[in-house]
Every structure is written in structure tokens, then in C-alpha cells.
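Student: Chain by chain, the residues run as shown.
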Amino acid sequence: MARPSAGGSWRLDRLIPQIVVSPGFLAILLFVYGFILWTGYVSMTKSRMLPKYDFAGLIQYERLFQMDRWNVAINNLFVFGVLFILVSIVIGCLLAVLLDQKIRAEGFIRTVYLYPMAISFIITGTAWKWIMNPSLGLETVVRSWGWESFSFGWTVDQDLAVYALVMAAVWQSSGFVMALFLSALRSVDQDIIKAASLDGATPFRIYTRIILPSMRPVFMSAVVILSHLAIKSFDLVVALTGGGPGYASTLPANFMYEMTFRRNEIGVGAASAMVMLATVAAIMVPYLYSELRGQKHD
Amino acid sequence: MKSLKFALMGAVVMLASAAHAEPKAEVLHYWTSGGEAKALKELQKAFNARGGKWVDAPVAGGGGDAQAAVLRARVLSGDPPAAVQIKGPNIKEWAEAGALGDLSEVASAQGWDDVLPEAIKDIVKYEGKYVAVPVNVHRVDWIWANPAVLAKVGAKVPTTWDEFNETAEKLKAAGIIPLAHGGQPWQDATVFETVVLGVGGIDFYRKALVELDEEALGSETMVKVFDQMRKIRGFVDPDFPGRDWNLATGMVMRGEAAMQIMGDWAKGEFVAAGKKPGVDYICAPTPSAGGYLLNSDSFAMFNVSGDDNEAGQAILAELILGEEFQETFNLFKGSVPARIGVKRDNFDECAIRSMDDMVSSAKNGTLLGSMAHEIAQAGAVRGAFIDVATAHFNSDMSSEDAASKLVDAIRLAK
Numbered sequence: 006m007a008r009p010s011a012g013g014s015w016r017l018d019r020l021i022p023q024i025v026v027s028p029g030f031l032a033i034l035l036f037v038y039g040f041i042l043w044t045g046y047v048s049m050t051k052s053r054m055l056p057k058y059d060f061a062g063l064i065q066y067e068r069l070f071q072m073d074r075w076n077v078a079i080n081n082l083f084v085f086g087v088l089f090i091l092v093s094i095v096i097g098c099l100l101a102v103l104l105d106q107k108i109r110a111e112g113f114i115r116t117v118y119l120y121p122m123a124i125s126f127i128i129t130g131t132a133w134k135w136i137m138n139p140s141l142g143l144e145t146v147v148r149s150w151g152w153e154s155f156s157f158g159w160t161v162d163q164d165l166a167v168y169a170l171v172m173a174a175v176w177q178s179s180g181f182v183m184a185l186f187l188s189a190l191r192s193v194d195q196d197i198i199k200a201a202s203l204d205g206a207t208p209f210r211i212y213t214r215i216i217l218p219s220m221r222p223v224f225m226s227a228v229v230i231l232s233h234l235a236i237k238s239f240d241l242v243v244a245l246t247g248g249g250p251g252y253a254s255t256l257p258a259n260f261m262y263e264m265t266f267r268r269n270e271i272g273v274g275a276a277s278a279m280v281m282l283a284t285v286a287a288i289m290v291p292y293l294y295s296e297l298r299g300q301k302h303d
Numbered sequence: 005m006k007s008l009k010f011a012l013m014g015a016v017v018m019l020a021s022a023a024h025a026e027p028k029a030e031v032l033h034y035w036t037s038g039g040e041a042k043a044l045k046e047l048q049k050a051f052n053a054r055g056g057k058w059v060d061a062p063v064a065g066g067g068g069d070a071q072a073a074v075l076r077a078r079v080l081s082g083d084p085p086a087a088v089q090i091k092g093p094n095i096k097e098w099a100e101a102g103a104l105g106d107l108s109e110v111a112s113a114q115g116w117d118d119v120l121p122e123a124i125k126d127i128v129k130y131e132g133k134y135v136a137v138p139v140n141v142h143r144v145d146w147i148w149a150n151p152a153v154l155a156k157v158g159a160k161v162p163t164t165w166d167e168f169n170e171t172a173e174k175l176k177a178a179g180i181i182p183l184a185h186g187g188q189p190w191q192d193a194t195v196f197e198t199v200v201l202g203v204g205g206i207d208f209y210r211k212a213l214v215e216l217d218e219e220a221l222g223s224e225t226m227v228k229v230f231d232q233m234r235k236i237r238g239f240v241d242p243d244f245p246g247r248d249w250n251l252a253t254g255m256v257m258r259g260e261a262a263m264q265i266m267g268d269w270a271k272g273e274f275v276a277a278g279k280k281p282g283v284d285y286i287c288a289p290t291p292s293a294g295g296y297l298l299n300s301d302s303f304a305m306f307n308v309s310g311d312d313n314e315a316g317q318a319i320l321a322e323l324i325l326g327e328e329f330q331e332t333f334n335l336f337k338g339s340v341p342a343r344i345g346v347k348r349d350n351f352d353e354c355a356i357r358s359m360d361d362m363v364s365s366a367k368n369g370t371l372l373g374s375m376a377h378e379i380a381q382a383g384a385v386r387g388a389f390i391d392v393a394t395a396h397f398n399s400d401m402s403s404e405d406a407a408s409k410l411v412d413a414i415r416l417a418k
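Same order as they appear, the protein sequences are chains A and B. Under this note's numbering, the final residue of the first sequence carries the number 303; numbering is consecutive throughout. Under this note's numbering, the final residue of the second sequence carries the number 418; numbering is consecutive throughout.
Just so you know, these hints were derived from the structure itself, not from any lab. The structure displayed is predicted, hence computed values, not measured ones. Glycine is no exception: its CB is placed at the ideal position from the N, C-alpha and C atoms. Some hints here could point you the wrong way.
With a cut-off of at most 20 Å between alpha-carbon atoms, the simulated PhoX-like pairs for lysine-lysine come out as follows [to be verified]:
no.	chain 1	residue 1	chain 2	residue 2
1	B	K228	A	K57
2	B	K228	B	K211
3	B	K156	B	K125
4	A	K51	B	K211
5	B	K174	B	K156
6	B	K133	B	K96
7	B	K228	B	K418
8	B	K211	A	K57
9	B	K96	A	K51
10	B	K57	B	K42
11	B	K176	B	K235
12	B	K125	B	K96
Partial chain A-side listing against chain B, Cβ under 7 Å, derived [stated by the list, open to error]:
no.	residue
13	S140
14	G142
15	R210
16	R214
17	G247
18	G251
Partial pick of chain A residues on the chain B-facing surface, computed with a CB cut under 10 Å [to be verified]:
no.	residue
19	D59
20	A61
21	D73
22	L141
23	D162
24	A200
25	A201
26	P222
27	T246
28	P250
29	A253
30	Y262
31	M264
32	T265
33	R267
34	R268
For reference, chain B alone in the conformation it holds in the complex (with noise of 0.2 Å):
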């Protein structure tokens, strides 16, 4: 099967190579599946009316394990594609091995430093210079709740953690499931990081998940945040391990359980049942101090060499940051733009809340990247982490012996 794969890579370049001095690119990615096929379509679209070359290598396999693979082969061979779907710190790794090329051009033609909040900028640039172009932004922390569930026992969506237990509390009294939680390690380590957010604040956030400071890590207020873990748990139905996060989508949406917290791919499973933001279902942040987590996706360029290719590069970092892109793909991915400055019109609610919370949290500093999606942190720590969220969410381990637990594993993992 693989070997049939780089077969067929290896047919579509010497096709590619034949065609010249147009501009071309190769673009690797895993957006095969519904609204994100078809939302790179209109990038394609786009490409070629500019008289580029698009040649498509989609790797099937969501997360992006399989593409990762192909990508270190590629590159390996000295044969890298000309734009990878790429996302977080792995940009910067590539960036190290020196595999990255280099966009400043572009940017600064376009003016990229205006319209990117700082956040972003971190992610996509390696020694002051752009190396990937950011596509999209999810954001983490949101709650999904189903009002006519909540209005059952008189509840509002919780803004606190506090409220949210004494609501998760009431709805278990009346026989409803409080959390609709899919129990895969990435999972319980999203809803790990929005309590982190939550309990410790936007400075404890930082400096545990971010800088990974080893006091921090192992601090009192790490502890907290195991104990409303715990308490979590016990809102979770008994099913949840293995469970798919659209799933537990479903189970809100049917009413069997009050919220789910998710980002906002959710949402999508709500548009495409026909449901009303505010009327079917709310979207509201997690219980913060006005933080905001972000998940973005991008695409890497790597270096290629010869005229068409980077040209066709050039284009194609153009094309992704401009605004008709940015506003097409992004509805119909159900994320929002990276840049500011998007049309708004045809974005629900729930997009843009996301939008103004994103531009006030980029002013007031409190825009933060992801852990449990792979922003904050590369590979290797983030994977420490979920182990530890998840090893602590599905045991009767102590808050305790979780804390102290997270400090060895990111010590290791380092």
C-alpha cells in the first residue's frame, strides 16, 4: 500500500517536472475529508486562475499521522513538497533542520505583520522570518450546551468552574448526563487544558503549559486543577472511553446530555444536522478570565528550488492569506480567519464571538496557543502531557501524584 503511495508521488512529480516554466506547487495535506476537501478546493481554484499548477498529494488518515511519514521520507530523499500542511511547533522543527524556506518577501508585500495577532505570528515564523502561512483558527475552549436541557434545571451556561459543578450537579440530580465527553487521550487533555486555563489563570497557563516551568508544573495550583478533573469525571457518563468526539456531539444534540466541551469543529456537526446557534444549541467560552485558546492550521513552505516552483510558492502564501480565501475556506470549515480584517457577513454567531474574542485577547495578550492541539507544544511534550491527563482522568490516581507525575513526564520528554 505505502510503497504503491510513493509510487504514484513519484509518477505525479516526473508528470509535474515535465510541464515548465509556469508556476507550480505541490501541496501535501490531510484535508480529505467533507467541508475541509472542499474548502481546498477553492484554493485550487484560485491557484490555478492565477495561472499556476496545482499538483494535489493528499494523504489520507486524519491528524495528520500518515503525512507525516510521507513529509520525512520526502524530505529525506531531498525531494520535499512545495507547501505541507503543518501546524505548532513542528513548523519550528523544520524550520531547525533547515528544511524551511523563506517567505519574508511576500510577507512584507502583503503586509502580514498587520493583520496576524502576535500568537500566530509565534507560530509561523522562525527567526523573524515567515516560513508557513496560517490558514485558519479554531478556537479550543468553548462549552456546547443544549439550552432546552439546561432549562430543565433552571441553569444557565456556567461562566465559573464553581457554577458549573453546582450545574453539573443539579442535571445528574435529574437523571441527565452534565458533560457529553468522548474519552480519547486528546480529548481528555483539551478539557484538561480549558480547566488549567480556567482555575489557574492566564499567567499559570503560560508558564505550566507554555514555558513549562517545573514550579509551576508541580505547584498547589496544578493540584486544583487535577481536583476538577476529578470532579469532571464523575459528570461523565460511564461509557465515555473510546468514544469519538462527534459522538458526544450527538449526545447534546439529542438531548441526552447537557454540554460538551469541544472546539469549534463542533460546531459543524450542528450546521449539518440543521440546528440554530442560540435557539438549538449555545456556544459560550469554558469558565476563564477572558483567555482564549487557539488551534491554527498552516501550511509550511518548504525549500524548493527552480523558478516555477517559487513562483508557484509565492502565489500560493499570497493566495492562503488573502482575505477572499480566508473568508471562503473558513466557512467552510467552520473555523474563523487567522488574519483581521475578514468580511463577517456570512459567519453565524458563534464564528464571530470567536472573531472578537480573538482580536481583543490579541490586545490584551491573553490569545494562547493550544497544548492539547499541538500549538504551545511539539510532539514530544504535548504527548507527555496527554499521557498524563489522561492516565490521571481514567484512574482513581491522587491529584497528588498526578501533579508530581507531570513534572517527571515533561522533564523526560524535554
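In isolation and in its complexed conformation, chain A is listed as follows (with noise of 0.2 Å):
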């Protein structure tokens, strides 16, 4: 780091950006580290309709983990998560390399698919409620095409629900992962790629043996926001299947809030928002560990 050389005015200098910075800083430590260390607190507390500050140990996680409603949506998170970020990456990425084959009209391609982004998830749920939706949708609309025995009853059904929001995500998310890698693939060294096709490699070899390795750091990113993305899944659960049938679809996010909200259960809502923030902390840290090591490294 260059320092600005002694003078009456480096003090200052040095001093501006600090202070600049401290508000917000001071305003991050508090609502965010402060709350949660509150939430922290709260959940191990008896706190009910109101927060109570009476220290009571681990019993909001204990009842927590005996709830069935969690357990479901604990399951679901797994199945969600697991499914929408591979999907997710899978169609991401292949979209990318077919969009890399310099093709016409790329840029209006590109938009097409990055365009489910710019919606919010309320909209893609409810969008996607109307087309799964067995007596409004797609089902009622192949019938009517003379197709009788076709069903697609995916939100209606407690087995399917939760692969209906896998469907909704992935449509939402692909064309952001598409738009990652197609700028990593766009800054992946031409000379190198032009080395290997004068040594005969196929453009396919050139893909998996060059390219897609060099990316790396792009998957390791597309997977700690996608599984971001998952973890705080809320609304698109509301919109989509209202977490049912019965509460076959509902995920850790929805079921805070229907517990500290609705059900004036402030601990058990604390104590299901502590291991969610632990869920988030398990991908995030390893992560930002390696990453940080990487750059001591380098």
C-alpha cells in the first residue's frame, strides 16, 4: 500500500475515509452482528409472544427439533437446495457454452435468458402457480389438445410440491448462472485455446480439458449464491404452493416466520433462524477460509 509521504495534511488525508466508512460500519456491527447475538440470546430463552430475557439453555432447540413441521422443512431445504444448485448450474453453464459458439443475435439471446432474474420470486411463484395449476394450466390445456390421461399436478401433490419450487427456482436462476460463466468463458486466455486447436484438440477437449477447469473460481461462486439463494427461500414458497399441501413444501424461512409472527413462539423462530444462520455459516466459511488463504498465497 502506497503511504502519503509526512506533511501537515496526511493525517487527514488518512483519517477521511475512515471516517467516512465508520457510520456504516458502526450501523452494520449493531443491526446485523448485534441482532444476531440477540437472536442468539432470544433462542435460548422462553420468550413467547414477547422477547424474555430469562436464560433457559437449549430448551427452544430441543422442542425445535422435535416439531414435525421443521423436520419437513429441513428435509425440504436438502432436497431443494441440492437440486436447484446443480440444475441450476448444470443448465447455466451448458447454456453458456452454446451461447460461446458465436452465434447471431447473442446479445438478444443472452437477455431473453438472463430476463427471469429481473423478476422478483413472487412473480415467477405466481406465474408458475397458475401453469401448475391442474384445473387453470398446463394440465387443462394438453387435455384439451386431446391428450386425456396427461397430469401435472406437481403443487397439488405432497410428494411433488417441493419439486415444483426446484422448477420455479431453476427457471428464475439458470440465466444468472448462464451470464456468470459466459463472461468467465469470454476471459478465459484466447492464446492458449488458439494453442490447442493448432495441436488438434477438438473444440469438445478444448471445453473439458481447458476451459471449464480454468472456471473454478466461477463454480465455487455460483454455488455460495445459489445456496444463498436457497436458504432464504421464502417467498417463492409463499407464492407458489403456500408450503402445501398441508405443510409438504414449506422451507426453514417460511417456518420462522410462521412460528415468531403467527404463532407468538419467539423462541423456537429465534432458535430455527440460529440453524439456519449456522447452515449458511457451514457453506460460507470454508469457503471465504479458502479464498482468503488463496489470496496470502498468491
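Put the complex together from the two separate chains, hints included.
Tutor: So this is what it looks like as C-alpha cells:
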């Protein structure tokens, strides 16, 4: 780092950025980390309708994990998260590779694929709710074309509702993943590719051996961003399935909201929030660790 | 968005405190749609006519979740609104937290004890003192039926659950959906509680859903209740999950389905479509031995300081339970008055039936609070009931499993 040479104003020069940044820093310290601590403490009290501050140990966590609804939510998060991340990355990657073939109207097509990202999950959920509603959407349309036995009732089937969520979420996010990968593909050193093709490598080999492996950091970013999206998914569930049938497609964020704001169970709600935070941390901490360590070695 | 709301509310409060010495009341409510908003306007007019200053604090969002968050923040910051729309045991929880004021003065001056049924007094009183004012009563255990559709199979509105099953089988055979139902958890629970009342009887309902007696919750009778729920599941069309209740009412109206089990807010849909009771639709209690499941909205009065606030609160309380407001409000809302002795001329036959049944149930001690609508139980326990009812209804869980799950879930939520 370049340091300003000694002089009358160097102290101020150095202080100004710190002064400008500090209110934001303090706000984040209080409103993010402060409230994380607060939530953590509340999760260890007997809080019901209003927060109480008598320490009660881990009872809320015990209650939480005995709740059927929570176990369903955690299972759903696992299924939804894994499928959502995997499928989004596979589709996004494929789209990026295909778009990379110097096709015509690339800009237009790229916009079309990226566009769903500009729509909020509420809209996505509502639109897909209509499409997947058996008596309103796709099923009725296909049947009216003459395929009488066609059935597409994912949102009303308790075993399939969570996959309906995956479908809508993938539709929403794979364009974004495509954009990420596309920019990474374009930044790969063209000289290496030219050298490889001079050596007689097929385009397939070039992709699988040179380009895709060099995109590892982008993969990591995509996974981290998508897993964030998956864990905080809330609005999509509300709009698409309402958590139903029953509570078969509820996710932890929905559980937290339900407990804290509708059932006067602030303690359990806080406990579930802490478990969600731990889940995020389990992904973020190793990632940050590897990133920061990587920088030091560079 | 939320911060904007708070900022606006802060501005409202500041403006309100600038004026002084006149009775005033800030009213926090979630009646922002159609008939409800109109009904509340009437209260506001009456309040202003008495020289009061009404500070309106509406929070959009049915069900009141958003309102609950606002209320919690206001109470925690030491600035509660004067009157808040809360119902059922949530009133008691707020009273326990020491947040509610005492209305004994108005209550004794207006003779509330004589005009309110016991079941409603239980809701709005805490330790013998009035802390809230009931606005209305919705009956929950109604069947809304399309007579023309029932006539197709030569059936009447069933009066026992066996008869219900028979009629439904006939309807099904004739290619008609017997029961229009929306598969949202609270709707599943609404049907569930009417079945508990019908199959188990009044005492069983009280033991299981009100007193949370574990023996009753896991009993043979409860297994029978779930058996009946499983049968009902067979009488519903396959696309029911997530459907809104008013869409189900529309199915009955159009003759696609024969019946719907829903509270009397469903009447509003028929009325809005210009249908005539007794001709285009029939209202009848769900099969039971004379119970009455009530859902009642009320305004809880919070601890406020200052003469103007206290005076405003007293006037508001008096107006809300006054005969005049009870009549106009409930005509708009489609419910029936919470107090006894209100003029009946303008109410329709379903409402009059409801009033008659309420009075006679009150006398016989068979007036019961609805579980699904948060009168019998507060948030956590109600949620546990709803969870089990909806999980059973939407899966192939056996009745025995459901009953034992119910016991566990209630124990956990208590």
C-alpha cells in the first residue's frame, strides 16, 4: 500500500476514509452482528409472544427438533437446495457454452435468458402457480388438445410440491448462472485455446480440458450465491405452493416466519433462525477461508 | 417499506399529540377491504360525532400477521395504540403481559354483563375485568349448499355425518363434487373442528380442543374424527390444495360442487353475487348435536396515558358495544352482533338463524370457541392443531397415527 509522505495534511487524508466509512461500519456492527447475538440469546430463553430475557438453555432447540414441521422444512431445504444448485449450474453452464459458439443475435438471446432474474420470486411463483395448477394451466391445456391422460399436478401432490419449487427456482436463476459462466468463458486466455486447436484438439476437448477447469472460481461463486438463495427462499414458497399441500413444501425461512410472527413462538423462531445461520456459515466459512488463504499465497 | 410505515405512523402520532384535550383514540386494525372497511368507517363516524378524534392506523394484510408485528414493536417501544383489533386468547396473553387497560367502568355503566353471552365474556375478560370489546360473532360450523345441485340426487342438507357421507357418495356417483374445499391449512382445520364437534359432541370438543385433555386428544373418538376426515378427503376434488375459500364458494354458486363447510363470511360471496338465501343457497349448521362454534373479533384496549386518550377509549368502548353500531357494523360485515337484543329487522335469514342459535346455545352452555379461528386456543397450540389436521388431510397418514401425533404436537406447543 502506498503511504502518503509525511506532511501537515496526511493525517486528515488518512482519517477521511475512516470517518466516512465508520457510521456504516457501526450500523452493520449493531444491526447485523448485534442482532445476530440478540437472536442467539433469545433462542435460549422461554420467549413466547414478547421477548423475555431469562436464560433457559437449549430448550427451544429441543422443542424445535421435535417438531414435525421443522423436520419437513429441513428435509425440503436439503432436497430443494441440492437440486436447485445442481440443475441451475448444469443448465446455466450448458447455455453459456452454447451461447459461446459465436451465434447470431447473441445479445438478444442472452437478454432473454437473463431476464427471469429481473423478476421477483413472488411473480415467478404466481406465474408458475397458474401454469402448474391442474385445473387452470398446463394440464388442462394439454388435455384440451386431446391427450386426456396427461397429468401435471406437482403443486397439489405433497410428494412432488418441493420439486415444483425447484422447477420455478431453476427457471429463475439459471439465466443468471449462464451470465456468470459466459463472462468467465470470455475471459479465458485466447492464446491457450488457439495453441490447443493448433495442436489438433477438438472443441469438446478444449472445453472439458482447458476452459471449464479454469473456471473453478466461478463455480465456487455460483455455488455460494445459489446456496444463499436456496436457504433464504421464502417468497417463492409463499407464492407458489403456500407451503402446502399441508406443510409438505415448507422451507426453514417459512417456518421461522410462521413461528415468530403468527404463533407467538419467538423462542422457537429464533432457534430456527440460528440453525439457518449455522447452515449458511457451514458453507461460507470454508469458502471464505479458502479464498482468503488463496490470496495470501498469490 | 416497513420503515416507511413506521415513519408514517410516527408522524401520525406526533400530529395527534399536537391537538389536545379532546377525546381521541388511535385504532390499529387490519380491516382494510370492502365491507370491513365500510363497517369500520361507521364506527369512525359515530366516534367523531361524539367529539372524538379518530386516529386511523390500518395495517394491510388479512389475518393480521403484519399488524401483530407492528403492535409488538409499538408496545415494546412504550407507545401502544389505544385500541387494537385482536381476538381470542391473544387478548389474555397481552393482558398477562400487563399491556391492557381496564374497562370495568364503562362495562358496569353499560351493563355489559347482562348482554354478553358467557363464552364471549370469557374471551374479553381477564381476571374478572373487561380488557377488550367484542365487535361481532361469526359462526364457523356452517354448511353452504346449492339446493338445485342437491335436488339432482334427491338429497337435502345432511344433519348427521353418516347422512353427509351417503349424500356425498350419491353426488359423487352423479359426477358432482360433493364438497367444495380449499386446501389451506386453516381451511382443513375448519372442517376438522366441525367434525370434532359433530362426531365427538360438545363435551368432547371442550375436553379435546379447549382443555387439551391428553386422554381425549388420543382417544378412540379422535380416531373416529380422523376417519371421518379421511372420508371427507374423498369427497373433495383433486385440485383443492392452495385454493382460496372464496373460490370454493364460487364452485358451490356455479353448481360445480354441492356444499362447502365454511364460516358465515362465505355468505358475503353469495350476497355480492346477488343470490337469495333459501333459494339460490342454503345455510345450515354442520351435523352436530346443537353446538355453536363462534369466531369473534374484538378490540383490545391498551394502557394509554393522558385524559384525552382515556376519554377516547371509554367512548370507543361504549360505541362498539352499542346496539346501533353492532347492527350497522354486522350488516356490512355479514356477521351477527356479539351482544344480545339488537334489532333484527334488517338481517337475513341465515343471520337470524345464527342469532337464535347463539342465544339458545348460550343458555344451554353449548357455545364454543372455534379452534381454527384462534378463539379456543392461542397461536402456538392452534398452530399445532392445524399442523396435524392438515398433515393428515393431505397425506395417507392413518387415523391412529394422527391422533398420537396430535397428543405429541399439543404437548410440545403448550
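Student: Confirm or reject each hint.
Tutor: A quick look at each hint next to the structure:
1. K228/B / K57/A: Not OK: K228/B and K57/A at ~41 Å, beyond 20 Å, violated.
2. K228/B / K211/B: 16 Å, holds
3. K156/B / K125/B: Between K156/B and K125/B the Cα gap is close to 44 Å, so the pair fails against 20 Å, i.e. violated.
4. K51/A / K211/B: 27 Å, violated
5. K174/B / K156/B: 10 Å, holds
6. K133/B / K96/B: Roughly 11 Å between the alpha carbons, so the hint for K133/B and K96/B holds.
7. K228/B / K418/B: 24 Å, violated
8. K211/B / K57/A: 31 Å, violated
9. K96/B / K51/A: Answer holds: K96/B to K51/A is near 18 Å, not above 20 Å.
10. K57/B / K42/B: The hint holds at about 18 Å.
11. K176/B / K235/B: 12 Å, holds
12. K125/B / K96/B: Answer holds: K125/B to K96/B is near 12 Å, not above 20 Å.
13. S140: This interface hint holds because 4 Å falls under the 7 Å limit.
14. G142: 10 Å, violated
15. R210: Cβ of R210/A sits 49 Å from chain B, so the hint is violated.
16. R214: The hint is violated - R214/A has no Cβ within 7 Å of chain B, the shortest such distance being about 48 Å.
17. G247: With a minimum Cβ separation of about 5 Å from chain B (threshold 7 Å), the hint on G247/A holds.
18. G251: 4 Å, holds
19. D59: Since the shortest Cβ distance to chain B is 14 Å, the answer is violated.
20. A61: 15 Å, violated
21. D73: This hint holds: D73/A lies near chain B, its Cβ roughly 7 Å from the closest one there, short of 10 Å.
22. L141: Holds, about 8 Å.
23. D162: Cβ of D162/A sits 8 Å from chain B, so the hint holds.
24. A200: Violated, about 55 Å.
25. A201: 53 Å, violated
26. P222: 36 Å, violated
27. T246: With Cβ-Cβ at 6 Å, under 10 Å, it holds.
28. P250: 4 Å, holds
29. A253: 7 Å, holds
30. Y262: Holds, because the Cβ-Cβ distance from Y262/A to chain B comes to roughly 8 Å (cut-off 10 Å).
31. M264: 8 Å, holds
32. T265: 9 Å, holds
33. R267: 6 Å, holds
34. R268: With a minimum Cβ separation of about 4 Å from chain B (threshold 10 Å), the hint on R268/A holds.
Checked against the numbered hints given earlier, the structure breaks hints 1, 3, 4, 7, 8, 14, 15, 16, 19, 20, 24, 25, 26 and satisfies all the rest.
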